[in-house]
Amino acid sequence: MHEIGVRETVNFLGLTFNIETLKMTWLAMGIVILVACLATRNLKVVPQGWQLFVEMIIEWLHSQIDAMMGRRGRMLAPLIVGLFMFLLASNLIGLVPLMASPTNDLNTTLGLALFVVFLVHCLGLYFKRGHYIAHFFQPTPVFVVINMIEEIAKPITLAFRLFGNILAGEILIIVLLKLMPIWMPIPSVAWLAFSIFISCVQAVIFTMLSMAYLANAVKEDHAE
Amino acid sequence: MIEINATILAQILNFLILVVILRAVAYKPVARLLQQRSNKIKNDLDKAEADRKAAEQTLEQYKVQLADAHKKAQAIVDKANQTARQEHDAAVEETRKEIERMKVSAQAEIESERNRAFEEMKSQIVTLSLAAAGKVVSKNIDTKENDKLVNDFISKLNKDMFADLK
Chain A
236 MHEIGVRETV NFLGLTFNIE TLKMTWLAMG IVILVACLAT RNLKVVPQGW QLFVEMIIEW
296 LHSQIDAMMG RRGRMLAPLI VGLFMFLLAS NLIGLVPLMA SPTNDLNTTL GLALFVVFLV
356 HCLGLYFKRG HYIAHFFQPT PVFVVINMIE EIAKPITLAF RLFGNILAGE ILIIVLLKLM
416 PIWMPIPSVA WLAFSIFISC VQAVIFTMLS MAYLANAVKE DHAE
Chain B
-5 MIEINATILA QILNFLILVV ILRAVAYKPV ARLLQQRSNK IKNDLDKAEA DRKAAEQTLE
55 QYKVQLADAH KKAQAIVDKA NQTARQEHDA AVEETRKEIE RMKVSAQAEI ESERNRAFEE
115 MKSQIVTLSL AAAGKVVSKN IDTKENDKLV NDFISKLNKD MFADLK
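Note that the protein sequences, when read in sequence, are chains A and B. Just so we're aligned, residue 236 is where the first sequence starts under the numbering used here, counting upward by one. Just so we're aligned, residue -5 is where the second sequence starts under the numbering used here, counting upward by one.
If you're looking for bench data, these hints aren't it; they were derived computationally from the structure. Be a bit skeptical, because a hint or two may be false.
The following label-pair restraints were derived from C-beta to C-beta distances [claimed, not checked]:
#1 VAL14/B <-> HIS366/A: 53 to 63 Å
#2 GLN51/B <-> VAL436/A: 52 to 62 Å
#3 GLY284/A <-> ASN(-1)/B: 40 to 50 Å
#4 VAL14/B <-> ILE406/A: 25 to 35 Å
#5 ARG306/A <-> GLU(-3)/B: 35 to 45 Å
#6 ARG306/A <-> LEU53/B: 39 to 49 Å
#7 ASP45/B <-> ARG306/A: 45 to 55 Å
#8 ARG26/B <-> VAL410/A: 47 to 57 Å
#9 ARG26/B <-> VAL436/A: 23 to 33 Å
Straight line, CA to CA, 30 Å or less: simulated DSBU-like cross-link-like pairs of lysine-lysine [what the hints assert, rightly or not]:
#10 LYS116/B <-> LYS454/A
#11 LYS22/B <-> LYS258/A
#12 LYS454/A <-> LYS36/B
#13 LYS97/B <-> LYS66/B
All C-beta atoms in this analysis are idealised placements derived from N, C-alpha and C, irrespective of residue type, glycine included.
Make the full structure from the sequences, and use the hints.
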């Protein structure tokens, strides 16, 4: 990102694409797949090294999924693992000089958020059918307005929270580097460290909120 | 800066592709492995439990057998003691009877010996007295008087007068 807010675009089949975002996305995907391959290349029943780390993450996610979603949640586990790893890689990639996070583009975050919400509604309709539609009209039919606003707010908040955090982090790094003379690296290094933390936290938040939304649609109601 | 274009579709597609690849490459093997390990641990635990139960049962059996063996050994020793005592008693009794028997036979022998001696002596006394008497009185006394005299003398003799002959 040399000039903030200006994006390189290409036209393909009459559609406009932000080419930098796409490149960075593919890079992040590549990193995620590479890490996953390396970590799971030599699986053993008695774990060692990287395998322990990967297993730890998956075990933790499984316990979260079981606690939040119940029995049906397990089928969504790969999606959630993938979401978390992709977001983590995407967020962190932007901290490397000359690179940008795919998540500093609203297209990415909104795309993921819309996908998650779309999935929530699909799964809700599939698992609960009438009940799912009925719960928008509870406790009284008037609440349908509030419920609709909530449903619309979900993807928007999800997308803008991540987008804003990551973009702000990157902008501030550029600003700090321009603001400070080159022999005074402390503010930018401190901000970089903070950005690493923010990247991890935002990946967790996005994943956890997606899980919470999905849990609503997937978990068995006791009233059913 | 905030412009939505076709990238949004591309990103959704990218993400879906990523999820599919990750699921195939990483998630499934790890999940399978975790399942496999939990199965293995469960099996091992079950087996350990079964082994422990079997061991306990064997120990119990051994204890019972040991107690049984002790009891049997005690019974054998008791029986041996009893047999020995019985044999001892029988031997003592036998010896006592033998002694008694020997005593009785010895007494009988002594008695018969004494009787025989007495008889013998009596006849010798008769002969000697007759001879002595014959010499002393020669022909003054007839044979009838003589016999009477002798018989009187003999009848006055009794066993007790020869007590020192015993």
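Task: Non-conforming hints, listed in increasing numerical order - done: Checked against the structure, the hints that fail are numbers 1, 7, 10 and 13, while the rest are satisfied.
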